[in-house]
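Participant: Protein chains in written order, with numbering that gives the first Met the number 0: chain D, 0 to 108; chain F, 0 to 103.
These aren't lab readings, by the way, just hints derived from the structure by calculation. Mixed in with the good hints, there may be bad ones.
[To be verified] Within a straight-line C-alpha distance of at most 25 angstroms, the following computed DMTMM-like cross-link-like pairs (lysine to aspartate or glutamate) qualify:
| hint | chain 1 | residue 1 | chain 2 | residue 2 |
| --- | --- | --- | --- | --- |
| 1 | D | K41 | F | D28 |
| 2 | D | K66 | F | D60 |
| 3 | D | K41 | F | D27 |
| 4 | D | K41 | F | D60 |
| 5 | D | K66 | F | E2 |
| 6 | D | K41 | D | D31 |
[As the list claims (entries may be wrong)] Selected chain D positions facing chain F (in silico; Cβ < 8 angstroms):
| hint | residue |
| --- | --- |
| 7 | L2 |
| 8 | L14 |
| 9 | G15 |
| 10 | L26 |
| 11 | T34 |
| 12 | H37 |
| 13 | K41 |
| 14 | L65 |
| 15 | V70 |
| 16 | L85 |
Where is the CB? At the ideal position from N, CA and C, for every residue including glycine.
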Amino acid sequence: MTLALTLFTVICVSLGAIFFLAGTLGLLRFPDTLTRLHALTKADNLGLGLVVLGLLPQVAWPLGALKLIAVWLLALLAGATVGQLLGAAARPQPGTPNLSTAAGEEPAP
Amino acid sequence: MAEFLLGAALFVLGTVALGLVRILRGPDDADRMLAAQLLGTGGVASLLLLGVANGINAVGDLALLLALLAAFASVAFVTGAERPEPTVPIQETDPHEQGEQEAT
Numbered sequence: 000m001t002l003a004l005t006l007f008t009v010i011c012v013s014l015g016a017i018f019f020l021a022g023t024l025g026l027l028r029f030p031d032t033l034t035r036l037h038a039l040t041k042a043d044n045l046g047l048g049l050v051v052l053g054l055l056p057q058v059a060w061p062l063g064a065l066k067l068i069a070v071w072l073l074a075l076l077a078g079a080t081v082g083q084l085l086g087a088a089a090r091p092q093p094g095t096p097n098l099s100t101a102a103g104e105e106p107a108p
Numbered sequence: 000m001a002e003f004l005l006g007a008a009l010f011v012l013g014t015v016a017l018g019l020v021r022i023l024r025g026p027d028d029a030d031r032m033l034a035a036q037l038l039g040t041g042g043v044a045s046l047l048l049l050g051v052a053n054g055i056n057a058v059g060d061l062a063l064l065l066a067l068l069a070a071f072a073s074v075a076f077v078t079g080a081e082r083p084e085p086t087v088p089i090q091e092t093d094p095h096e097q098g099e100q101e102a103t
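So here's chain F without its partners, still in its complex pose (with noise of 0.2 angstroms):
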């Protein structure tokens, strides 16, 4: 049962590491943002498989833990993006400057 784990472990880390071949190639960065993304989640797979394969408990906190990073990445990734020029009128409403005048 450990060798078919181990093996599974491996195998859903090989995948995911063929995936990172869209960071290489990904036209947009969103692209490059799912391979990481489908990173954290096939680590989270393989460090469970691990952990049970070789009977270590601490491992399942380590894959909570990437689980909570990766989901982070993705959300910093997303706010700190900058948005494509729109054509309408977020333009005028949205400068900081005017922001903070209308917030205070």
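Next up, chain D with everything else stripped away, as it sits in the complex (with noise of 0.2 angstroms):
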């Protein structure tokens, strides 16, 4: 039973540092801050939440269990909002005649 979760500890974490390598690897890479935008969110979310899933095992069960979900909680809202705020700062502006104008500035019809 302990070698097993061991085992699955491994796993989870060694996972969850393979998705931190390949959110590095495409923000170095991509050609575009939108591509990059989306390489970051894959790190963020499922790098963190497989290195969270890892550890769970090795704590305490209710309150550093708990803790543990709810640092990933807080990751995967803020990583949600950040997405919306930076996707949208980094939106192409001038050229493209649909997303030129900004969201707040349409006017009423």
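Hey, can you piece these two chains together into the complex? The hints should help.
Facilitator: As structure tokens, this is what we get:
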């Protein structure tokens, strides 16, 4: 049982670390701000999620595990919000007609 | 187990530090902010791994604080970043004085 839990931890933490590596490579090698944002959010959500999932069997059950899950949920919420905001800030401004007007400035019909 | 977790923490920290190269050569400020965001999340993961490896529970609180501050940093960047000059009508509707006069 302990061996199975240890193996679970090793596998999940390794997968999370691989996701962080993939996110970093994407951040370094993708050509565009929005594609870099795509790579970054994968590292945020899945990398941290897998690390937290792997650490869950190693901590005390009620409080430590709930704190880890709370950290992950906060990171999810922050990642979603920041992804939307940075995507809106980095979107191509002048050339594209559909995106050139800010969302709040649309004239009321 | 503790050695593996320490190694994983160092690995995550190393990859995230490698991502900081994007801050050096990012063509846009948003790209630099993406690297800072990745540093925040990778720091959270690394802190959690270190805390479990050493059995220090307070490191979890530190990770929570770092996650909160990383989110605040990106929100502050977006609200503080100057908008690129749009071609269409925001110029007439946006200035501060008119907005304040209409608000009062």
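Participant: Now look at each hint and say whether the structure bears it out.
Facilitator: Right, here's what the structure says about each hint:
1. D:K41 x F:D28: Satisfied, since the Cα-Cα distance of roughly 21 angstroms is no more than 25 angstroms.
2. D:K66 x F:D60: holds, 8 angstroms
3. D:K41 x F:D27: holds, 21 angstroms
4. D:K41 x F:D60: holds, 24 angstroms
5. D:K66 x F:E2: Distance of about 23 angstroms is within 25 angstroms: holds.
6. D:K41 x D:D31: Holds. K41 (chain D) to D31 (chain D) sits at ~16 angstroms (cutoff 25 angstroms).
7. L2: This hint is violated: L2 (chain D) lies away from chain F, its Cβ roughly 11 angstroms from the closest one there, beyond 8 angstroms.
8. L14: violated, 11 angstroms
9. G15: Hint holds; G15 (chain D) Cβ to chain F Cβ min 7 angstroms, cut 8 angstroms.
10. L26: For L26 (chain D), the interface hint holds, since the closest Cβ of chain F sits about 5 angstroms away, which is under 8 angstroms.
11. T34: Check failed: Cβ of T34 (chain D) comes no nearer than 11 angstroms to chain F, outside 8 angstroms.
12. H37: Violated, because the Cβ-Cβ distance from H37 (chain D) to chain F comes to roughly 10 angstroms (cut-off 8 angstroms).
13. K41: violated, 11 angstroms
14. L65: Since chain F brings no Cβ nearer than about 10 angstroms to L65 (chain D), farther than 8 angstroms, the hint is violated.
15. V70: holds, 5 angstroms
16. L85: holds, 6 angstroms
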